[in-house]
Amino acid sequence: MQAEERAVTGVPGFDAMLRGGFLPRSANLLEGAPGCGKTTLGMQFIHYGATHGEPGLILTFEQFPEQYYRDAAGFGWDFRELERRRLLQVIMSSPEVTKADLERFNGRIAGLVSNMGVKRILVDSISQFERMTDDPVELRNLLHGFLNALRREGLTALFTREAYVLLGDEQREEDETESSMSFLVDSYVMLRYVEIESAIHRAIIVLKMRGSAHDTHIRQFEIGPHGLVVQEPFRGREGILSGTPQYMAESFIKAFVRR
Amino acid sequence: MERENLANRAYTGDIDPELLDFLNQYVDSFIKWDLMRFFFNNPHTIDTVDNIARYAGRNPETVEQELAELAMRGLLEETHMGTLVVYALAADPEIRDQLARFIQASEDRQFRIRAIYHVIKGGY
Ligand SMILES: Nc1ncnc2c1ncn2[C@@H]1O[C@H](COP(=O)(O)OP(=O)(O)O)[C@@H](O)[C@H]1O
Ligand SMILES: [Mg+2]
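Those sequence lines, one after another, are chains A and B.
Mapping to my numbering: the first sequence position 75 is 75, numbers consecutive.
Mapping to my numbering: the second sequence position 91 is 350, numbers consecutive.
One chain only, chain B, in its complex shape (with noise of 0.2 Å):
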């Protein structure tokens, strides 16, 4: 147990500690990295469950506890029209900053490496 702490101090020691707080917010799946990534880049997506699982090439059964839980905690927006409940990213331009950093930091590999192994191991 102690060893296996230290280990993941070993990865994620170096992590900014703002990225590391995003990272335990936000990320414990790598659909939800997926996700993210797919929200960064097209920003101004709103849809259905089926329709951003479509878009992300994932199925939908996966997708939307996925989806529910980062409108849960305040990432995606999740609106009901009618029948249909759709998502879309959250407005807070804070957020939507954090999220551009997170993006942007995992563009580095080094990062990419201590981040993934944080996911895997599911965060603490």
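Chain A with its partners taken away, still in its complex shape (with noise of 0.2 Å):
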């Protein structure tokens, strides 16, 4: 697959981590823990997307637009004069009101993908469909439906996820959403924080993408003044407090493998 196929996502390191950027219409589940960069990563992609011919959406459960533009303004990047050009919507709503307007006939987010020329949408966080329902079933169909629903209007989506692990060695526990998520996602990237030397870094591993090659490793990247930058690879033992990234990939591919 030739990389202007791809969604690009405009993070500097992750794109080729990707192999060029997402699949065009997939799905994709960024999850991590509070604070570690999903919301992030997502504006940047869709800033990225806005940036560059692929007009998209912020459909937020839980922070309100205001907050979004103020942070990403932090960037350098001006949401609002976006949407004042129609290539960038910061909206609201809630899983149930997403769910019944996509099952809508020419429902909102429709209108908007054919007037807007919409192409990219990141749901921050799709953790809110767990408010939804307590039986499993019930939500994996619901997180189907809506998956479905965003890949027939033909958008490249970006689902962050919050994860209650902090470091990456901790104990995983069972978690029903996130087998779920694994399964129906195209791709499934995960943030962590890494403790070496008893410094806090970030980390960035792409566990999964269906129908491409993607980077194994595990790379270290940083939130500076323009959005996140992947750099190396956590790498050999030098400077490494004895064994802890290795530990961090054992679990990363234990709770990936258990799948």
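No wet-lab data here; the hints were simulated from the structure.
Mixed in with the good hints there might be a few duds.
[To be verified] Facing chain A, from chain B, some residues (calculated, C-beta under 10 Å):
(1) Asn-300
(2) His-303
(3) Thr-304
(4) Ile-305
(5) Asp-306
(6) Tyr-314
(7) Thr-338
(8) Met-340
(9) Leu-343
(10) Ala-359
(11) Gln-363
(12) Ala-364
The C-beta atom is built at its ideal place from N, Cα and C for all residues, glycine as well.
Using the hints, put the two standalone chains together into the complex.
Right under this line is the structure:
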């Protein structure tokens, strides 16, 4: 597959991990602990699209749109201006309403897709769907229906999901949504905090990417003045507290292979 | 009565007539004012009474009536989606523009005092 056919994220270093970007019209899951950079990566993906011919929507279930405008401005991204130019829209809603909207003929989202030519959507965060039901089968069906509706609209979708594991080497609990989601999505990316020599670093790994090769390294990333920048893989033992990265890699793999 | 009217005029006399119209038409309670500010700051919100009440930090019983009234007056759009009733800011650019002018004007303390006085008096 050629790079031009990909939905380029615009996150330096991350596109290379994905061999060019997300697959068009795919559903992509971005999981990580609070504060580790999910929303920032998502906004970066939407901003890149909006400024490169792929208008986008941000569907927020928890954070006020005004906060996105503010946070984006901190990275030099003028979301209000992009909204005025109809290249972006930050929609606040709830999972119930979104579901009902997508089930309607000519719903709001469908309308924006045809009027604005929307190609990308950030759903921040999918965790809110868990409020809708306690039944894992029903939840899975809900998520499945939601993902399919977005695929039907031809959108490349990025879903964030809160993981309450702070460091990569902590024991993970069985988690229904996570196993449903990882099965339903086309790619699965994790952000983690990693402790090395008692300093906290941020790490990113692509755990799965359907229909594409991808980088299997755990890489370090930073959040700089223009958003995320993915760097070198954690490598070797020099300067790294013994065992920690290996340990982390094992738990990543364990978590992944278990499904 | 006459004294009251005079007092009213002293406060509202300086309000730009268009803004005064807007006040009279839409803003007859502080909850409506809060809701308008909320929709102005988050213009692409589309949600149920319960959720909007939560965002606005009010109880749903209070907010329900106010949202319905704002929808009736054309500032909001009410949509029925299956069993859900949802509200969003009206798409009409003219109404959005009036709202923007009102919210911007209310950044000014003098205007706010006059407008608040007007709301308390119940308009006229
Ligand atoms: N303008 C900025 N420059 C650098 N870092 C920032 C900036 N704005 C926010 N951050 C950092 O980004 C992180 C927040 O990331 P966010 O994407 O909101 O996390 P999540 O969505 O995973 O909870 C915070 O740790 C904050 O320090
Ligand atoms: Mg977030």
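Hint check results:
1. Asn-300: 5 Å, holds
2. His-303: 4 Å, holds
3. Thr-304: 4 Å, holds
4. Ile-305: 5 Å, holds
5. Asp-306: 5 Å, holds
6. Tyr-314: At about 7 Å, which falls below the 10 Å cut-off, the nearest Cβ of chain A leaves the hint on B:Tyr-314 intact, so it holds.
7. Thr-338: 8 Å, holds
8. Met-340: 4 Å, holds
9. Leu-343: OK, holds: B:Leu-343 within 10 Å of chain A, min 5 Å.
10. Ala-359: Violated - the Cβ of B:Ala-359 stays beyond 10 Å from chain A, reaching only about 12 Å at its closest.
11. Gln-363: 14 Å, violated
12. Ala-364: With a closest approach of 19 Å, the B:Ala-364 hint is violated.
In summary, the numbered hints that this structure violates are 10, 11, 12.
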